[in-house]
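**Student:** Fit chains B and C to the known structure of chain A by using the hints.
Residue numbers (the working numbering), protein chains in the order written: chain A, 1 to 458; chain B, 1001 to 1458; chain C, 2001 to 2458.
It should be emphasised that the hints constitute simulated quantities derived from the structure, not laboratory data. Predicted, not measured: the structure shown is a model, and the values here were computed from it. Each hint should be verified, as a subset may be incorrect.
As the list claims (entries may be wrong) - Subject to a maximum C-alpha distance of 30 Å in a straight line, what follows is the list of computed DSS-like cross-link-like pairs (lysine-lysine):
(1) B:Lys1036 - A:Lys120
(2) B:Lys1204 - C:Lys2037
(3) C:Lys2208 - A:Lys237
(4) C:Lys2215 - C:Lys2120
(5) C:Lys2296 - C:Lys2449
(6) A:Lys226 - C:Lys2226
(7) A:Lys204 - A:Lys215
(8) A:Lys38 - C:Lys2226
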Amino acid sequence: MNNTFLSDFIMITNFKTIAFIILLIAVLFGVNIMSKKKVKFSTRMIVSTIAGLILGLIIQLVAGFPDNPGDVQWINEVNKWYGLIGYGFMDLLKMLVVPLIFVSIIRVIINMQAGENLGKLTVRSLLILLGTTTIAAVVGIVVGNLFKLGVSANVVESTNEIREITPVVDTLRGLLPSNPVSAMAEGNVVAVVIFAAFIGNSMKILNKKYSDVIKPVTDLVNGSYKIITSIAMTVIKLMPYAVVALLANTIAGRGVSAIKEVVEFIIALYLSIVIVFIIHLIIIAFLGINPFKYLKKVMEPLILAFTSRSSLGTLPVTIETLTDDVGVDNGIASFVGSLGSNIGMNGCAAIYPALMAVTLANMTGTTMDISFYGMLIVIIVIGSLGIAGLPGSATMAVSVAISGMGMGAYFPLAGGIIAIDPILDMGRTMLNVNGTMVTAVAVGKSFNKIDKEKLNKK
Amino acid sequence: MNNTFLSDFIMITNFKTIAFIILLIAVLFGVNIMSKKKVKFSTRMIVSTIAGLILGLIIQLVAGFPDNPGDVQWINEVNKWYGLIGYGFMDLLKMLVVPLIFVSIIRVIINMQAGENLGKLTVRSLLILLGTTTIAAVVGIVVGNLFKLGVSANVVESTNEIREITPVVDTLRGLLPSNPVSAMAEGNVVAVVIFAAFIGNSMKILNKKYSDVIKPVTDLVNGSYKIITSIAMTVIKLMPYAVVALLANTIAGRGVSAIKEVVEFIIALYLSIVIVFIIHLIIIAFLGINPFKYLKKVMEPLILAFTSRSSLGTLPVTIETLTDDVGVDNGIASFVGSLGSNIGMNGCAAIYPALMAVTLANMTGTTMDISFYGMLIVIIVIGSLGIAGLPGSATMAVSVAISGMGMGAYFPLAGGIIAIDPILDMGRTMLNVNGTMVTAVAVGKSFNKIDKEKLNKK
Amino acid sequence: MNNTFLSDFIMITNFKTIAFIILLIAVLFGVNIMSKKKVKFSTRMIVSTIAGLILGLIIQLVAGFPDNPGDVQWINEVNKWYGLIGYGFMDLLKMLVVPLIFVSIIRVIINMQAGENLGKLTVRSLLILLGTTTIAAVVGIVVGNLFKLGVSANVVESTNEIREITPVVDTLRGLLPSNPVSAMAEGNVVAVVIFAAFIGNSMKILNKKYSDVIKPVTDLVNGSYKIITSIAMTVIKLMPYAVVALLANTIAGRGVSAIKEVVEFIIALYLSIVIVFIIHLIIIAFLGINPFKYLKKVMEPLILAFTSRSSLGTLPVTIETLTDDVGVDNGIASFVGSLGSNIGMNGCAAIYPALMAVTLANMTGTTMDISFYGMLIVIIVIGSLGIAGLPGSATMAVSVAISGMGMGAYFPLAGGIIAIDPILDMGRTMLNVNGTMVTAVAVGKSFNKIDKEKLNKK
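Bound conformation, chain A alone (with noise of 0.2 Å):
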């Protein structure tokens, strides 16, 4: 056999490549027996992370734990093949970015509520919700930076070249779309939002005196976004399979220091999340309400947010808290409940993206000044409306705050720590949770509807 051949065509030379393909097959083979036995998603996704972790650690153990794992070629080749499947994954991902930003931004600015006190409703209740979203993302951004998320793993050469500062005004210039299909195509996030927003808002003006005219597009729109949502929903569903590849490759090619690296993530996560949770329990305090008190009678839907991990199926609870216990009108919890399951995510949508973010810049030797900074905190914000109310949701945040910083190539790096989502998951949803109850509180007061009577009741 041409030995040559086979590694730069095919990367098999050795046995050992193709026991641990063979294995990888093997695992995924048992993922595909958990999903045709119905066995929860989450589940799936705890047993698939451990496998991954194992299959890592394996490979470690069969190399001898070398200190360059990258030099050792069957690992290359193995990484090689892994990362098929788990990139692969993440190219899926990528793919749904721009139609999915471009047709949910038309269908969010369609479908708002344009009735005299339901549009003050709506106005207040975005602004609290993208408000909260900037917070969060300003503190994963700082925790991120704080526990130099990325920096140990920098597996891209650090090009020497020193980025100019671009100046913020030719910033806000780069993200106006003076061509929709190139900005399309070059995965300009902003620009895209800038158009669809445009036609969101058109649609919305024509659809009262034009609205035969343009009810094709309107259905059009419609039907593409149930289209790719569920495009959507089978790419998450593939998740279980990618995450014992991405796993597997992370540690095999980085070390058992790679381990490392993800526990730090888990913990700025988690970090973050409790000091934005602090946040949230301040601005009640400063709304008038002990938040000891909010607390203790809020409990409920946090723990269940935690567990099950679904905002939606939180949302009863969410809704019932807030009016009975709480004392919110009904109306306005059953409101902003029902928006702050989509829009604003705190924890899905802003810390979890940021920290993303930087742990990428980290690895790929990135500077991150003002400007990046700035549009990162831009992006995450407006891409927070139009992620709403996907499954998977924080994944594609990820996905979509990635490629508007032009790091989309980079995105696959992500890879370790995509393969860990379950257990990040638990505490973003909670976050979630807590950030939608907090803004119904807040738009409560706002609008003075808030019965003491239930607030003090114990």
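**Tutor:** Here is chains B and C on its own, set in the frame of chain A:
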């Protein structure tokens, strides 16, 4: 304060920068108040033009009328910020080019009548309209070169590379859409037109037998057209704001000499209009009608067009004059009048973009050879079909022509001229209406449907 | 007259150039008259081929059969102008690739039947059809290389850079659509297919519960498909005109040796067809049927296919023969017959594009290694799904394969061969029909639904 950081990032190092930014905001506020008080759009445009002129002069005054305003740092900073408003507006205009051309060309073709005589009528009207459009484009190019428009304002370093002459055959093939999506992404206007024409043509053919199958597409095209037209209207409404920033930016950045350039442009435009007008009259003479008699009879719609700056608003008077005074058959007058208010506008869609393209080419040191001119005429004529019946069609025509010539990146340089649009619009509109009337007379003559009695009546 | 200008811009410096341009126009006029007199398309194609051949020979004759026709300036000029017609036609073909593939793949998936047995029937039919397509593609590649097609006509300077072997893993990942819009702009056929497949799959799933929501999208897909098919038909109708220019251009520019190349291509194609035909018979033998008996029974549809060059036109005879003479169950015969007239055409969609890709690669000095071949087979097989049921499907298949291989820019070089399409089409169509019949027999056998009595009857 770290001045380097501020100058590099926020571009504010001087109290004067802040002062002038605040001054601009104040002026824009004033423009907004006019808008809220429902001041007429044209009045707002004139006020904005004057305000921008004064603002630019004040900046020059404060800087002591420097020889090279570009060397004064705070003027550069002010201009960056002013440019964000002004050039941002130009970006939004450019954004509309591809979707607009694509959808409207399909729509124009679908809606073409296919009746027997109506077919002949359409073809003849189109040929004459596009013929006069071509003449007007040529006149614009010649006059623009005689005036050396933009030469003194050469703002872009002339690249020394001598552009080779592109054979006409290669130019023609470059216009073909070998991939419609990349043609759209690159803003290749003619390729988009050709692709759209294929679609429109096929839809027209299928409409006979399979109208139910393609109805969703037809409806979508109509709906999208409505939406894009509405977006164009939204963007055009921002023009008074942009005008202030653009004119102030131009004068501040290029000194008082910029005013001279703009005035030269105005003179060149009006000279071109007069020349084409004379050509119109010569055509009338060739048709066997005394041009002076014709002129006397059509004075009313011409004056109305000049003062109202609206071809469409003038249309009823145009048709009435053509029928009652010139003796053109009422059906032909109505048909050509409606067509000519949309297609082949001699002033807005031919002279104006031609002058602008020449100006921009001179400004940027772009070599203009015969392939440049040939291409420009083709794009202007084709473009004059695509911008049919749009608000702000003259500005759109410039946007289309500049993008089509691959000079889209230079489009913002046109800001100084875009800013004085109202002055230009009066002459352009008058010429549009006269072109329509000449076409109506020629078509009427060709069908032998001109009432000599009415024509000779005083 | 300024000769330099003329030669550089208009490419006319010689009386001969003008004469041959006029001659071409005259011939095209003649072709147009045939079209108006409703001469059959195939007759027009043959006449055009002969006309192009003669025109090319006359040019060679006038030039005195030079060794290097490329050194004669007036031949170059004539060829530039002839190329505008011929290669312009090729550009229009390329234009259709992306929208066609995108829409038709979605449509194919939506329309797949999901019934129990129907599902099995579909899967088995598809597998066998695509299996024979793969075999045919491999045969085409092997024969093309044995004949060294295109090597002698190496028209593009061979670039000395040695292309590195791309690992198969990287090739596979490169096929994934990480941004659908840029995939379309780059003409990445496989990525477009994958994205379309995700859309089609989701629409199929949603169709059960949410058919009303996605109906606008379904209708749009069907309408667009109708329109694109109609555009394809419009473009294909131009083929007789293009053929004259392409063949004359080929012979004029490459000398009489070009005829030799084209003849070699014809021989290679028919040899490949014979080889695949023998493989078909071997499959029949493996299915337990005497291949000679089979051959005698299916002679009628094969001859009809060869002379009529229409798989679809032959379909009724194909089904009747399968049912009455070979004894295949009528349902299966109808189903596979219909499917096979559209999908997995062995001749048109496999051998032909394979040979063409090898020829172009040789012509342009493109290195062909295992990743090239692997990729080519994948693209041909996937493409054979996407060009389903189109007019001029063989030419389309070539267009898709060449674009997919990233050799879209070289496509025009195929002109000389495209020009003799009718001669190639006879064998290709015959093989398509035989492939369909073999599939029907295999599927019938697998369901044990072949009537032995009918089969053994004489």
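**Student:** Look at each hint and say if it fits the structure.
**Tutor:** Comparing the hints with the structure gives:
| no. | hint | result |
| --- | --- | --- |
| 1 | B:Lys1036 - A:Lys120 | 21 Å, holds |
| 2 | B:Lys1204 - C:Lys2037 | 24 Å, holds |
| 3 | C:Lys2208 - A:Lys237 | 19 Å, holds |
| 4 | C:Lys2215 - C:Lys2120 | 27 Å, holds |
| 5 | C:Lys2296 - C:Lys2449 | 21 Å, holds |
| 6 | A:Lys226 - C:Lys2226 | 24 Å, holds |
| 7 | A:Lys204 - A:Lys215 | 11 Å, holds |
| 8 | A:Lys38 - C:Lys2226 | 41 Å, violated |
The structure shown violates just one earlier hint, number 8.
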